[in-house]
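Here is how the chains run, residue by residue.
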Amino acid sequence: MAAEIVKILIAGPVNAGKSTLIRHLSDTEVVSTDKAALDDVSRLKAQTTVAMDHGILHVADDLELHLYGTPGQRRFSFMWDVLSVGAAGLICLVDATSEESIAELGYIYDYFRKKTKLPAIVGVTRQDVAGAATPAEVAERLNRPDVPVMACDPRRKEDSKVLALSLFELILKGQEELEESDFF
Amino acid sequence: MSEKSIHPDIEALRALRRALDEEGEGALLRFSTADGAGELNVRRGRFLTRGGDADVVVALGMLAAEPAVASARPPAEGDEWKLTREDARALVIRAMYGATLSDERVLSLSRFFSAMPPIRVRLAPMYPYADFFPGFTPYMRLHADSLLQGEVRLASWLGDVASAGAAGEKTRLLLVMYVLGLIQPRPKPRPSIFGRLMNAIRGV
Ligand SMILES: Nc1nc2c(ncn2[C@@H]2O[C@H](COP(=O)(O)OP(=O)(O)OP(=O)(O)O)[C@@H](O)[C@H]2O)c(=O)[nH]1
Ligand SMILES: [Mg+2]
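As they're listed, the protein sequences go chains A and B.
The opening residue of the first sequence carries number 1 in the numbering used here; numbering runs sequentially from there.
The opening residue of the second sequence carries number 1 in the numbering used here; numbering runs sequentially from there.
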């Protein structure tokens, strides 16, 4: 029997932490197409993802979570369309120390939401670095009041899990039946 | 367990919570405390007021500080007062998190929350309030715990305090979370695909 596959997208500007997040949530070696960075990006880092990251979490024989990281640079945006087909939800990461990254977030977010209306959540990284914008400031810049925005350090496994679980909470919103309780 | 036999003093908070629900029909709550009488008109997650935001804050503060006899009725046509300027969440946080609670009130509220079965914490876009809401970080921590463990036991969270002051702080945070609908019963366990995925992520 072929396993059922649930697909999640991880999008966001260059250097936001996408590949790091996917590595934490996968139980297989992540397939990355990182290449030596060229031009502008090489100021930031040596390796950048050019096509995609692909990680898998095997839940059981009949169920797998597939995580697709989209490349951060706009010139690879043709890949964004390819990767978003059939996705259940979207995590957007943004580097809070970079004005450019924050400005780019709105563009990327709109790009995906216009085509797909996917449930989406935003993770704001590098909160440990002095001078970083706060999640509140990033939310104000994004200006989509219904989108949850939260701090996340993808280098920490717990943070990565909380962000992914928050997305599933959003996907499930209103679909669950709650336990009976006299307290509510 | 009937609600009356455990916590008669939570009635007004429950009525407020239900009226604040954006999908609920709203309510006009009338109550009296030692500080006098108050009323709150709530509809679709917003307060309507005859006075201004300050009157709403006073009324919310009274409800936080003291059990109050509530009479709640659905809003009528004639209840079209003017909307508060500030959003309802901001007013609840300011009034209830900022309220001074007697030791007795802290005790009775913490008994109420401790008696709750395991709950889950909902994520709402709370960042607009982060600057004036000192409970923001513990709220996000509770939300994270609720996701990572699938539930939170308030009795142990409340029991785990260093001082009476800290107990008061935690109680006021739960009060705000309760009224804003951020505390919920757990979902019934269902072997849904997403439920299974969430369990797998917890175990990574
Ligand atoms: N200090 C700090 N470093 C972080 C944080 N998040 C990610 N990093 C680091 O930032 C670097 C870039 O992370 P990647 O995961 O490669 O970013 P990416 O989004 O995949 O980048 P591209 O593939 O180039 O678009 C890595 O060295 C991470 O360890 C954070 O919250 N704080
Ligand atoms: Mg990458």
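One should not assume that every hint holds.
To be verified - As a list, the in silico DSSO-like pairs of lysine-lysine whose alpha-carbon atoms are at most 27 Å apart:
| no. | chain 1 | residue 1 | chain 2 | residue 2 |
| --- | --- | --- | --- | --- |
| 1 | A | K7 | B | K188 |
| 2 | A | K173 | A | K115 |
| 3 | A | K7 | A | K173 |
| 4 | A | K7 | A | K114 |
| 5 | A | K115 | A | K7 |
| 6 | B | K82 | A | K173 |
No lab work stands behind these hints: they were computed from the structure.
Note that the coordinates shown come from a computational prediction; the quantities given were computed from them, not determined experimentally.
* **Earlier hints that do not hold, by number** => Violated hint (a single one): 6; every other hint is consistent with the structure.
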